[in-house]
Amino acid sequence: MFYKILLRILKKIKKNPQHAYSLLPELKNRIYKKIGFVAHPSNAEFKDRNSSFGLSFDAKITLDRINRLR
Amino acid sequence: MKILFDLQSLQSSNSANRGIGRYSSSFFSAFVSLAKHHDVHVLLNRGFTNDIQKVYKKIKENIPSKNIHLFTPVGEQSECTDLEQKEILLLNKLIREYYIQQLSVDVVVITSFFDGYQSVYSSSIKNFYNIPTYVILYDLIPVVFESHYFENNRKLAEWYYRKLEDLKRADMLLAISETSVLDGMRYLGLPKEKFLNIKGGSDEKFIIRSYTENENIATRRQYGINEKFLMYTGGLDYRKNIEKLISAYAKLKNETRIIFQLVIVCKISKKDYAQLETIVINLGLKNRIIFTGYITDDELVWFYNNTYLFIFPSLYEGFGLPILEAMLCGAPVITSNTSSMLEIVENDNFTFDPSSITSIADKMEEGLLDNRYRELLISNSIKQSTKYSWKKSAKIFLDLLDNKKISKNKLKLTSDIKKRLAFFSPMPRDGSGIADYSADILPALAKKYKVDVFTKISENTNRDLSQVTIYDYSEFNKVSSNYDRILYHFGNSGYHEYMWKVLKMHPGVVVLHDVFMGGYLKWKAQANNGEETFLNNLFLSHGHSPCLLDKTDNNDRYPEWQLDYPMSRSIIENSCGVIVHSRHAYEIIGKWFPDIIDKVSITKLGRSALLNTNKKVSLMKKFCKEICVFGIVNEKTKCALRIIDAWVESNFVNNNNFQLTFVGHIELSDVENSKIKTILLKKNCKNVFFTGRIGTEEYKKKLMEAYGAIQLRDQSRGESSIAVLDCLAYNIPTIVNNHGSLAEIPNDCVYKVDDVFSRVQIVSAINKVFSDNESSLRQKLRESANKYMQQELSPKKIMEDYAKFIENFYGDNLFQAEKSLYRHVRNCNLSSQLRIVFARCIAKNQKRKEKGIYIDVTELKNLKNKSQSLIQIRTYMQKISRYKKIYLVYRKENLVYMANTFVMEDFLKLSHVNLQDCEVDIHDSWDYLCLSKSEMNAARKNLIGYMCAVRRL
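Residue numbers (this note's numbering), protein chains in the order written: chain F, 1 to 70; chain H, 1001 to 1953.
A portion of the hints provided could be inaccurate.
Here are the computed lysine-lysine pairs in the PhoX-like style, where the Cα-Cα straight-line distance is at most 25 Å [stated by the list, open to error]: (1) LYS1849(H) <-> LYS1504(H); (2) LYS1270(H) <-> LYS11(F); (3) LYS1504(H) <-> LYS1456(H); (4) LYS1093(H) <-> LYS60(F); (5) LYS60(F) <-> LYS1501(H).
Derived DEER-like restraints, expressed as beta-carbon distance ranges [unchecked claim]: (6) GLU1193(H) <-> TYR3(F): 45 to 55 Å; (7) TYR3(F) <-> THR1278(H): 16 to 26 Å; (8) TYR3(F) <-> ASN1865(H): 52 to 62 Å.
FYI, nobody ran anything at the bench for these hints, they're computed from the structure. Yeah, the Cβ is synthetic: ideal placement off N, Cα and C, and Gly gets one too.
Using the sequences and the hints, build the whole thing.
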């Protein structure tokens, strides 16, 4: 099933390469839907993975403690 | 016994709508109904957001919502590299085990172990924490039919075999049939004692019942059933042997097929349907074989009750739930002669060889055409079905738990070797009362631990303490791993500033001398650009509530009313345990932070008693008897003005043999100063003196010389009075009021007046205690105080309490769980990105008992005219208790943030403070209030997976 979705979207990209960027998230979301995984608040973690900006109180302390272990 | 059911099986699409989901749910419900004497909890996975509310509600029918726990796995996996994928799977196992460890359960029951290949489903056994784990073992079919399941999928095979290795670590495998037990023994190589056959059961809805003619006609018409029919129900995969079933049906005599249609009841995909339809057409059986597709349970009961014969030709089963369901509905059943199916029917005569089409066809024909044989099948169904029920299964498991004594795995940390303890405290000559206290108790503590002191070393610091070495606190980071225990002495002053940072990094036991930290934080805010720290602590401890009330004093950014909040939550949270010195302090913490009061223990404040009392007597001034007031001189908390006011009314006002001396730093306002002068002038009183701040040696001299002491307190907030203990230790007859921690001193050791005292009371107390005729009263007070100090407050005794508490705190499950979490993370060697991701995830998985309210201000934030809504929020705030935490929050890109800047700009007018908005770790069971209906709907979407009550303000 995943391959089918993948193929369908790759075909679309082949037709309109300029839309590739906008189609990839669609691919991701469709795969998630198939495996019963829906985006929820904690998933946004990957949006801004390089930054600790805006971490919650607890997350900041946890990160400091993890970093101390290095 | 605290039992945790891991019910992710009800969430995962792999098992939720199949036998495993049905088994887990029914077994769990039956268990809960029987196990009233146990504390049953449930674990769910917040990563499965699809039906989470539905599953949550369903479980809530059986157990209270406080017993349902949701762990949050690390998020999306597809955006990671292959390497990270592996790490994330590992981290998810760690998160789940860490979360369970925090719950301190006696046993975990995993209801579906072989689930979670490439999904957020997470299950593992003792990979990180030694949690007693039982697993329901349905079957090991992929290993039995290895070539079929793994031939083209090496990754799946690797994953499955790793799971098998993991499974061996389970304490007990709850097999659902004898076949599963035997398979487990064979493929896992485990002894029989590791297995318990809990069998299976069936829902109560599967019963023999009759239907009206109309109901029969309607269902038959709906599915195109014209004649009598035989049926199959179950899955459609290879193992279920559907193709052979169809071929066997095709082999029946034409006349038989004309009488009996074959109905295949199951959910079927378009692709499978197309394949099977081709087979059916090729065999010329169109209209003779019916595929119903998905049907409801009620419809299924109709099919079982109306079928002429139920056939189940599966090649292999762990249990075979449909067989039992059909039997319960009185259907005649024939099935395969393999695995658990034979166990259920218990008669070879009612089974066939599923690999042989002829064998299947023969039995089918016998069941359809031989009435006597069919009657035997029916009576067998009725007899066998009584042997199984969910309650019977649950009872088997319950008996096992009742007979088993599982010891709480609380760590026992006793050993003969002296542990190394890092002792954080100001040291003498720093000018802090806690410094003298620390120096006093250190020799006794050094008998229990090998103590090193870490302090902020200054020119004044006395470094010549016997038995301990003193280091600067900045060296601790390098040597922290050398210490087994850490003890911090926290007080409400700048002397403890460095400890706030160290405690965050190195959690340890905290001796909390003051519950209210506002004094220190205000000092920091004003003197050291520490406004962020002030607000951070205020928000963390008490939410935004204190700032939302309309009390802002324009002259002072941090007015007195803000200091009425303790702001010490982060110290208690970051510690592994807290020691306080009075019940009063304990009660204050309980009132403000009831969720973390478990972390607090009480012992008394220790003090060395003066052993040579004769020396004191000889030193006491013979001609001028000095009545002292020890400690900082102020009116608000130390009642200086009220003491002078009483003194001038006493018999000693103009007695040259007596004098009243205030020993300590003077903190009187100009108004108070002039009031004192007026009082003294009015009575022409010349025997009141002030020493101002004096050194330790001079202070001790004053204690030796004092004839008596007056120590009155007001507005105490849980702090312990070292000055009063000094008076007792130095055998000074002392007058106190019944306030705060002073109330806890035995009545025969001090002369007590009421908490809220009158001038008359103090005057009469002074006249009585210090009069020449009352030497016997003073002697009695001295003797009792001396006895009390030596028996109850000796540093030796108090340090025994300290050591007991320290060891208890360090043995605590939660603390140990967190400590080992960081150890495991170190071994994972995470990239910097993953460290951030993981820190976020850990924060979401910290168990908190705290209760509070979020108020959503997403729209309000950007409005120009906010006054109306601000009034609405304030009015609401005033209605609820000030002990309740409230956060103003807003939503942005699926996340919820704390509206710190909004609070500071619109409520506090502090636009220059750089305190950023930060993500909120949403707590389940908190209320989430919105200002409008549209926001409420939007918030509900944002909060999928969280069990907050979203409603309108």
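Outcome of the hint check:
1. LYS1849(H) <-> LYS1504(H): This hinted pair holds, its Cα atoms lying about 20 Å apart.
2. LYS1270(H) <-> LYS11(F): With Cα atoms ~23 Å apart, LYS1270(H) and LYS11(F) stay inside 25 Å; holds.
3. LYS1504(H) <-> LYS1456(H): Within the cut-off at roughly 17 Å; holds.
4. LYS1093(H) <-> LYS60(F): OK: LYS1093(H) and LYS60(F) at ~22 Å, within 25 Å.
5. LYS60(F) <-> LYS1501(H): holds, 13 Å
6. GLU1193(H) <-> TYR3(F): 45 to 55 Å: 46 Å Cβ-Cβ, so the 45 to 55 Å window holds.
7. TYR3(F) <-> THR1278(H): 16 to 26 Å: holds, 23 Å
8. TYR3(F) <-> ASN1865(H): 52 to 62 Å: At roughly 56 Å between Cβ atoms, ASN1865(H) and TYR3(F) fall inside 52 to 62 Å, so the hint holds.
The structure meets every hint from the earlier list without exception.
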